[in-house]
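A.B. asks: Residue-level listing of the chains:
Protein chains: 2
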Amino acid sequence: MTPPASSASGHASPASRPIAFVGVGRMGANMARRLADCGHRITGVYDTHAPAAAALAAELGTLHAKSLAEAAAAAEIIFTVVSDDAAQLSVFADPAGGTDSLLAPSAKPRGKTFVNCATLAPATHIEIARRAAEAGAHTLEACMASSIPQARSGTLYLMCAGETEVFARLEPLLRQLATDLRHLGPAGRAAQAKALVNMVMNINTAALAEGLGLGQALGLDLDILREIFAQTGANSQVLKTDGEDMQNRAHDCFFSAAHAAKDSTIAWHLGCETGLHLPLAAATKLQFDKLTALGLGHLDKSAVAELTFRGRHA
Amino acid sequence: MTPPASSASGHASPASRPIAFVGVGRMGANMARRLADCGHRITGVYDTHAPAAAALAAELGTLHAKSLAEAAAAAEIIFTVVSDDAAQLSVFADPAGGTDSLLAPSAKPRGKTFVNCATLAPATHIEIARRAAEAGAHTLEACMASSIPQARSGTLYLMCAGETEVFARLEPLLRQLATDLRHLGPAGRAAQAKALVNMVMNINTAALAEGLGLGQALGLDLDILREIFAQTGANSQVLKTDGEDMQNRAHDCFFSAAHAAKDSTIAWHLGCETGLHLPLAAATKLQFDKLTALGLGHLDKSAVAELTFRGRHA
Numbered sequence: 001m002t003p004p005a006s007s008a009s010g011h012a013s014p015a016s017r018p019i020a021f022v023g024v025g026r027m028g029a030n031m032a033r034r035l036a037d038c039g040h041r042i043t044g045v046y047d048t049h050a051p052a053a054a055a056l057a058a059e060l061g062t063l064h065a066k067s068l069a070e071a072a073a074a075a076e077i078i079f080t081v082v083s084d085d086a087a088q089l090s091v092f093a094d095p096a097g098g099t100d101s102l103l104a105p106s107a108k109p110r111g112k113t114f115v116n117c118a119t120l121a122p123a124t125h126i127e128i129a130r131r132a133a134e135a136g137a138h139t140l141e142a143c144m145a146s147s148i149p150q151a152r153s154g155t156l157y158l159m160c161a162g163e164t165e166v167f168a169r170l171e172p173l174l175r176q177l178a179t180d181l182r183h184l185g186p187a188g189r190a191a192q193a194k195a196l197v198n199m200v201m202n203i204n205t206a207a208l209a210e211g212l213g214l215g216q217a218l219g220l221d222l223d224i225l226r227e228i229f230a231q232t233g234a235n236s237q238v239l240k241t242d243g244e245d246m247q248n249r250a251h252d253c254f255f256s257a258a259h260a261a262k263d264s265t266i267a268w269h270l271g272c273e274t275g276l277h278l279p280l281a282a283a284t285k286l287q288f289d290k291l292t293a294l295g296l297g298h299l300d301k302s303a304v305a306e307l308t309f310r311g312r313h314a
Numbered sequence: 001m002t003p004p005a006s007s008a009s010g011h012a013s014p015a016s017r018p019i020a021f022v023g024v025g026r027m028g029a030n031m032a033r034r035l036a037d038c039g040h041r042i043t044g045v046y047d048t049h050a051p052a053a054a055a056l057a058a059e060l061g062t063l064h065a066k067s068l069a070e071a072a073a074a075a076e077i078i079f080t081v082v083s084d085d086a087a088q089l090s091v092f093a094d095p096a097g098g099t100d101s102l103l104a105p106s107a108k109p110r111g112k113t114f115v116n117c118a119t120l121a122p123a124t125h126i127e128i129a130r131r132a133a134e135a136g137a138h139t140l141e142a143c144m145a146s147s148i149p150q151a152r153s154g155t156l157y158l159m160c161a162g163e164t165e166v167f168a169r170l171e172p173l174l175r176q177l178a179t180d181l182r183h184l185g186p187a188g189r190a191a192q193a194k195a196l197v198n199m200v201m202n203i204n205t206a207a208l209a210e211g212l213g214l215g216q217a218l219g220l221d222l223d224i225l226r227e228i229f230a231q232t233g234a235n236s237q238v239l240k241t242d243g244e245d246m247q248n249r250a251h252d253c254f255f256s257a258a259h260a261a262k263d264s265t266i267a268w269h270l271g272c273e274t275g276l277h278l279p280l281a282a283a284t285k286l287q288f289d290k291l292t293a294l295g296l297g298h299l300d301k302s303a304v305a306e307l308t309f310r311g312r313h314a
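So the protein lines, in turn, are chains A and B. Heads up: the first sequence runs through residues 1 to 314, numbered per our numbering. Heads up: the second sequence runs through residues 1 to 314, numbered per our numbering.
For reference, chain A alone in the conformation it holds in the complex (with noise of 0.2 Å):
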């Protein structure tokens, strides 16, 4: 276990400042874990599901905030670790409205870092920023190219952005969350490299469904056929991760086909915007559109399989 950090100035270390949660579904209450093992103060912790958060809280001996504001005001370093847009955009919420949000006054957001987790579009990232510098706090994007057992022991590959100075004071912090860590430019940097790793993932992933469906209606052995996918041109990472799955049919979540058309959708309105043609990036979004529309979107993102295998659910 990597010890907490020590400070030898009258500064506060990024380990001796203390540290809120909102979102602590399984990513977010790992990482909250690990800082934990790690020596930092964690002194509260949020969720729109109440219970989690509840039972979070009594596990780490915290408090379990009962609104957003309540969240951020324990704390001085605030991670986010959201679902989507409309859920990042709802929690940075204009506090002039009156809402719960993480920059009310009551809050006291000023001074504050708000580390943002989620995978969501680069636009979303700079306008939280903008939102979080006019009531003087700073935010970090920390895009996550992992999965919850890396959160749980602190290997995760984090792709940030955000500004030089404010990466550069959250470095050791997140280096106890991370075996790899990037400063990858300002802020929407990371949300876009991160938007192209799940969307060449996500093709990659639907590529496999087809060729494995295919080999099945062939009549082919899928266990030799991976065999041999595995020492060819047709290797990849999922093959690895979902190829097995897809055979047999094991689409327990770890990566949701929700939130693979979520990110193919990202990355689909990034090609809009761009002019470019990405025929397989828009046809590997409609897959998994597809897939969630037929009720399938709360299973793993292998379960693209289902639209491809022969007598499955298409």
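These are computed hints drawn from the structure, not numbers from a lab. We put the CB at the ideal spot given by N, CA and C, even for glycine. One or more of the hints may lead you astray.
Using C-beta positions, here's what the derived DEER-type ranges look like [what the hints assert, rightly or not]: (1) A:294 to B:171: 14 to 24 Å; (2) B:224 to A:134: 43 to 53 Å; (3) A:274 to B:98: 57 to 67 Å; (4) B:274 to A:223: 15 to 25 Å; (5) A:294 to B:130: 27 to 37 Å.
Calculated pairs, BS3-like style, for lysine-lysine (alpha carbon to alpha carbon, straight line, at most 30 Å) [said to hold, decoys possible]: (6) A:290 to B:290; (7) B:290 to B:240; (8) A:240 to B:108.
Given chain A, put chain B in place with the hints provided.
C.D. replies: Chain B only, in chain A's frame:
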């Protein structure tokens, strides 16, 4: 270097049986060189491009056959390494028509074995096997999932199909060409598996081109983006083989876009025959068809990036 096989029995061992090559482009020529290095007797070479056959015949000190029938007559095992289905059907033309053919009476086909290495529609291999059987000859399909350097060094990945007895008889010979060798079943099975390998490979290639093209349009550093892809769910074999080439427009041909178009079309036909909905396979076929229609089919398959990067050929 693997020594040639020897046989203590009175029967001819595979090593001692004369071998001819039909189609001596870079793959076929390198396979012939490798077998000659292993001590096999190459007794004839043929190519529709006569200078290629003449040069290889001079290099190996063997017969430059002036017809298909002469090539087949010169050997007991005949490797065919042709470009496509039409070429494969042509070299096995019905001898009743009086055209030059590996099955012409003067080729003395009875008891001979034809090893067919091109990536073809499965139905073509089945038809060739039927024609050869009518002439008293045997066939084995030996689909290669590797490239020119592997042919030279005897480290090919070979997927075979045909009668078990034929495969067993040729296995010692084929092991001098391949480090990975599989028998997948009766005629057509290897072509099916190969079509699926190339279908998935081509989709992943087109996906990578979209990801890098969009990354460039967004102003991301593509060296860093490729590193990120390599460490995340976007990783793939084609990222290793084609990523940097796409970025640098280095499309010297290892596997041509025209071949990719052909192979994606074979897989797309299989999808149509099985009635499956394979939107990514279809979109990828169209991309490589388009590249070929634009006159870029001679470039490496990495040139699909020319269709997705802003300001290139598209």
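A.B. asks: Now look at each hint and say whether the structure bears it out.
C.D. replies: Right, here's what the structure says about each hint:
{"no.": "1", "hint": "A:294 to B:171: 14 to 24 Å", "in the structure": "47 Å, violated"}
{"no.": "2", "hint": "B:224 to A:134: 43 to 53 Å", "in the structure": "31 Å, violated"}
{"no.": "3", "hint": "A:274 to B:98: 57 to 67 Å", "in the structure": "59 Å, holds"}
{"no.": "4", "hint": "B:274 to A:223: 15 to 25 Å", "in the structure": "20 Å, holds"}
{"no.": "5", "hint": "A:294 to B:130: 27 to 37 Å", "in the structure": "43 Å, violated"}
{"no.": "6", "hint": "A:290 to B:290", "in the structure": "27 Å, holds"}
{"no.": "7", "hint": "B:290 to B:240", "in the structure": "24 Å, holds"}
{"no.": "8", "hint": "A:240 to B:108", "in the structure": "49 Å, violated"}
The structure shown violates the earlier hints numbered 1, 2, 5 and 8.
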